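Spelled out, the chains give:
Protein chains: 2
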Amino acid sequence: MIDDLDSEMRARGISGLVGFGETTLADPDLTYAVGGALTRGSAYFKHVGKQALLLVSSLDFASAKKHSRTNRVETYSQWGYEKLLKKYGNRDQVFPHLISQVLRKERVRGNVVLFGRYDLTRGIQLAASLRKVGVKVVGQRSPTVLEAARERKDNRELEEIRRVGERTAKVVTEVMGLLHNAKERRGRLMIEKKSATIGLMKSIIQSKLAGMGLIAPEGTIFAIGPSGADPHNVGVPDERIRKGRLIVFDIFPQAESGYWFDLTRTFVIGRANDKDRRIFAAVEDAQTSCLDYLKAGQKCETAMELACNVIERAGYHTVREVYTGGAKSVSSGFTHALGHGVGLTIGERPYLGFMNRDLLRERQVVTVEPGVYLPGYGGVRIEDTVQITSKGIEHLAHVEKELELS
Amino acid sequence: MIDDLDSEMRARGISGLVGFGETTLADPDLTYAVGGALTRGSAYFKHVGKQALLLVSSLDFASAKKHSRTNRVETYSQWGYEKLLKKYGNRDQVFPHLISQVLRKERVRGNVVLFGRYDLTRGIQLAASLRKVGVKVVGQRSPTVLEAARERKDNRELEEIRRVGERTAKVVTEVMGLLHNAKERRGRLMIEKKSATIGLMKSIIQSKLAGMGLIAPEGTIFAIGPSGADPHNVGVPDERIRKGRLIVFDIFPQAESGYWFDLTRTFVIGRANDKDRRIFAAVEDAQTSCLDYLKAGQKCETAMELACNVIERAGYHTVREVYTGGAKSVSSGFTHALGHGVGLTIGERPYLGFMNRDLLRERQVVTVEPGVYLPGYGGVRIEDTVQITSKGIEHLAHVEKELELS
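So the sequences go chain by chain: A and B. For the first sequence, my numbering begins at 1 and goes up steadily by one. For the second sequence, my numbering begins at 1 and goes up steadily by one.
Because the hints were derived from the structure by calculation, they are not lab data. Any given hint could be a false lead.
One copy or two, either will do: identical chains are not told apart, so a pair holds if it fits within one copy or between any two.
[What the hints assert, rightly or not] When the alpha-carbon atoms are kept at most 30 Å apart in a straight line, the in silico DSS-like pairs for lysine-lysine are as follows:
id, residue 1, residue 2
1, Lys136, Lys202
2, Lys391, Lys401
3, Lys202, Lys391
4, Lys65, Lys202
5, Lys243, Lys299
Computed from a predicted structure; not experimentally measured.
Let the sequences and hints guide you as you build the complete structure.
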């Protein structure tokens, strides 16, 4: 939560934060600090223990006043941006002066952390220029102050993620309905009067997302049969959709607010065979065990162990053989981690996997997504995005988990 | 062009480039160096005068081999990533070792520039760690090596931008067709059986873009009447679309490849009045003059001057009053710059505005977008994205410029 910034700064001995970027687009930390999107970016200043100060373009002033988390919004012009630009001629020479000026006025004298997604070489130059005028710029390894603060979501964020989740669920349910009702013509499944291919489904999914105000900047996974056996295969556009084959549908859209959601369902159109049923049951059981286990105070690592227990008992390999069994790699069975945080990114802390001894905390939002993959055959993954509470978990979207669409 | 990297490196005294990022998404420089999208990012190494080396996750190896500009693709594992991770425990500690190891093997001994959109504080830490083991990391101000190389587009890029342009033009033409054919019911314009509002049009536009495989990460401007008089007003969702009012429709979508396009049309549904016609004619004349002027070897600044000449002669203010006339600001007339480069970003070099004495070069792609805004009344902007050639310009998309949809 944004209120965690101060404690995270203190824990790291940081006096000041400076967030900087020419847009908040695709910049989760700056979006978070600012409290919303600003097309022309921002320079964000925070002295530990004090309210943040936001400098924005005068074009964004009204919008920043309305949406930002801080009352202290001022414009670059008020801090002499245009004069400095006339003097130095280059934006990249102006900002070191402007930033150091603000830091002096805000009385930040100790270590300063810069954040925001920014070109590395210009960022390194900015740090050098600031150091030259006495600013104590320090680097940080992950988890940074902002990553740590973003782990626990406040009510506004939880509501927004739920809103994204509800819309995502609607798209998934509608797509499953289309497939359920698809008719065969001359041996081919038809959807909206066209031969049902992976490409067609993706275009339908994209249009449905757009209709809900969502985009899928990283694409969508819609993979059938052997393609679905590779968890990273997004699906082959020309491939035809057939009855009786496992289909992995993994959707991870983003709303205009910057928040993401992550949801996977696996199903067969028509009747599944016994092999499919066994895989599906193992994955579903693994997910249920994990969802039952998760709550604030539990170990991330243990959730992963639980999923492996269930899947191994059902007779499949798991990635545990690599971590504790000395295997070099695992190419079949449960080959990836159990889950990850979701928020202003589609993969963030906490990570539900081996080697993570962290305890879960209230207000974290995580995916729970066990899977079993049989190369050359197919895969099953079931994924929900849930909120961690003191008592357990809360689902943020509802879509039925049925193997057969029949 | 990618071939410009060597000359740009030499001009700046740089021996090695290191591109680094955890995804190529929303990272134009890394996408450019790699030659395509890589979900899990890349570490890119280039010794001046030599072919680049790409390190990728083994999951991305096949895709990188297929799409990247270099034949030299290897995996992190081949360079001992897992062993280093076991030793250091944190990814952010692994990469300095891995990067310095590669630079030694590639015999990069001089100045090294890091690039890629990356968290500032982790980037500053990465630079510090690399310097500790002897890598001569230097910062750079804009224009960086990559920004400079990206200015001129190669044939593959021009074709892709044209493809994005053609799809964008199709969406714009279809939307204008819908508005043209809209019928009135009880005094309200109806589209697809709903009352035509800005919000409805935006949702239709988004769906049409999705159907073409395009997204609009920065939104779309669809503004009517006084809203359109502010070039930064994206349009008010609840506002109703009426006949006889200026509508500014500015669309800037991005394809999966990462390339953008930028196109604006202004029109009136039904009949325009004389005032609208005068504004429209001034803006159209300004654009024509500029399009006639532009070709390789001409000055960016002069194009802007030309646009101001035409618009001032027609009786409107221009931003020239600020640059050369000493006015503090201009709130009516032509209040912004003439255009900007388009490619893997929606705003890049070259900039067509005052203070830019650079000469245009073949293979640059720029917007030409004069506008006239009358606060409280409305605005007109006409924008095309064109390619600069030795003989003039080439249009990259075709949409008619008609003031009246009637």
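Verification of the hints:
Taking the closest pair of Cα atoms, lysine 136 and lysine 202 never come within 30 Å of each other, the shortest separation being 50 Å inside a single copy and 47 Å across copies. In this assembly of identical chains, lysine 391 and lysine 401 lie within 30 Å of each other by CA distance solely inside one copy; the values are 24 Å within and 62 Å between copies. Proximity of lysine 202 to lysine 391 under the C-alpha cut-off of 30 Å is found in neither arrangement, the shortest distances being 38 Å within a copy and 42 Å between copies. Proximity of lysine 65 to lysine 202 under the C-alpha cut-off of 30 Å is restricted to the inter-copy arrangement: shortest distance 25 Å between copies versus 39 Å within a copy.
For the identical chains of this complex, lysine 243 and lysine 299 are neighbours neither inside a copy (40 Å) nor across copies (62 Å), given an alpha-carbon limit of 30 Å.
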